[in-house]
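**Q** Take a look at the letters that make up each chain.
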Amino acid sequence: DVKVTQSSRYLVKRTGEKVFLECVQDMDHENMFWYRQDPGLGLRLIYFSYDVKMKEKGDIPEGYSVSREKKERFSLILESASTNQTSMYLCASSDDRGDADTQYFGPGTRLTVL
Amino acid sequence: EDQVTQSPEALRLQEGESSSLNCSYTVSGLRGLFWYRQDPGKGPEFLFTLYSAGEEKEKERLKATLTKKESFLHITAPKPEDSATYLCAETQGGSEKLVFGKGTKLTVNP
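In order, the protein sequences belong to chains G and Z.
First residue of the first sequence: 1, per my numbering; consecutive thereafter.
First residue of the second sequence: 115, per my numbering; consecutive thereafter.
Chain G extracted, bound-state conformation:
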């Protein structure tokens, strides 16, 4: 079974803090994704990565950056957290083999910025 884990289920930070959200997948997937999910807006893609050290902007990259130094790990960074970044953050991964495109999600991190 595919397993995607996220470093924290709940996180509370203060405005202006630098925040790191970590995601690890154990299935040797090439592709990894970061989304945020807000009521009424659905899931929106922040950034994704096709390979180590590669990154592509999604639909809402402003205020975020990412890092992928190893294939299994994809980090989302909030350089200076703001209250409008309070949200549920979801990581996903997929591979280029077999049932391509199918993304498998982690349990999510609910981030509150005060």
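Hint data in this document are derived by calculation from the structure and do not stem from the laboratory.
Please note that a few of the clues may not be correct.
Stated by the list, open to error - DSBU-like, lysine-lysine: derived pairs with alpha carbons at most 30 Å apart: (1) Lys156/Z x Lys3/G; (2) Lys71/G x Lys18/G; (3) Lys13/G x Lys216/Z; (4) Lys171/Z x Lys219/Z; (5) Lys18/G x Lys171/Z.
Stated by the list, open to error - Partial pick of chain Z residues on the chain G-facing surface, computed with a CB cut under 8 Å: (6) Gly146; (7) Asp153; (8) Lys156; (9) Pro158; (10) Phe160; (11) Thr163; (12) Phe186; (13) Thr205; (14) Lys216.
Glycine residues also receive a C-beta, built at the ideal position from the N, C-alpha and C atoms.
Guided by the hints, dock chain Z onto chain G, whose structure is given.
**A** Relative to chain G, chain Z alone:
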């Protein structure tokens, strides 16, 4: 612009009362159509991938179908544990990006 529209937004069923959820997708260039289940406070759980019109997939009480312009998730004799939000998403040719609908919140009463 890619757009995935799900209906209804919310659906209440009695246990055993079968129904269908609808997902309209961007017709041209569809690469894959996906269904996920999401429980409150958790990440989406993968259910089905459909690639071409006429394709059907089943899992327990759920059956997903794909036509040339929409997909249906049929729920046969639902149970309270089927209560969740069901999400539909598409990928378009040349892109790995999933475009999600806003979901249908299903409640099954005992």
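**Q** Now tell me if each hint is right for this structure.
**A** Structure-based check of all given hints:
1. Lys156/Z x Lys3/G: 14 Å, holds
2. Lys71/G x Lys18/G: 23 Å, holds
3. Lys13/G x Lys216/Z: Between Lys13/G and Lys216/Z the Cα gap is close to 28 Å, so the pair holds against 30 Å.
4. Lys171/Z x Lys219/Z: Roughly 21 Å separates the two Cα atoms, so the pair holds.
5. Lys18/G x Lys171/Z: Between Lys18/G and Lys171/Z the Cα gap is close to 44 Å, so the pair fails against 30 Å, i.e. violated.
6. Gly146: Holds: closest Cβ of chain G sits about 5 Å from Gly146/Z, inside 8 Å.
7. Asp153: 10 Å, violated
8. Lys156: 6 Å, holds
9. Pro158: 5 Å, holds
10. Phe160: At about 6 Å, which falls below the 8 Å cut-off, the nearest Cβ of chain G leaves the hint on Phe160/Z intact, so it holds.
11. Thr163: 5 Å, holds
12. Phe186: At about 19 Å, which exceeds the 8 Å cut-off, the nearest Cβ of chain G leaves the hint on Phe186/Z violated.
13. Thr205: 5 Å, holds
14. Lys216: Result: holds, 4 Å to nearest chain G Cβ.
Of the numbered hints stated above, those contradicted by the structure are hints 5, 7, 12, listed in ascending order.
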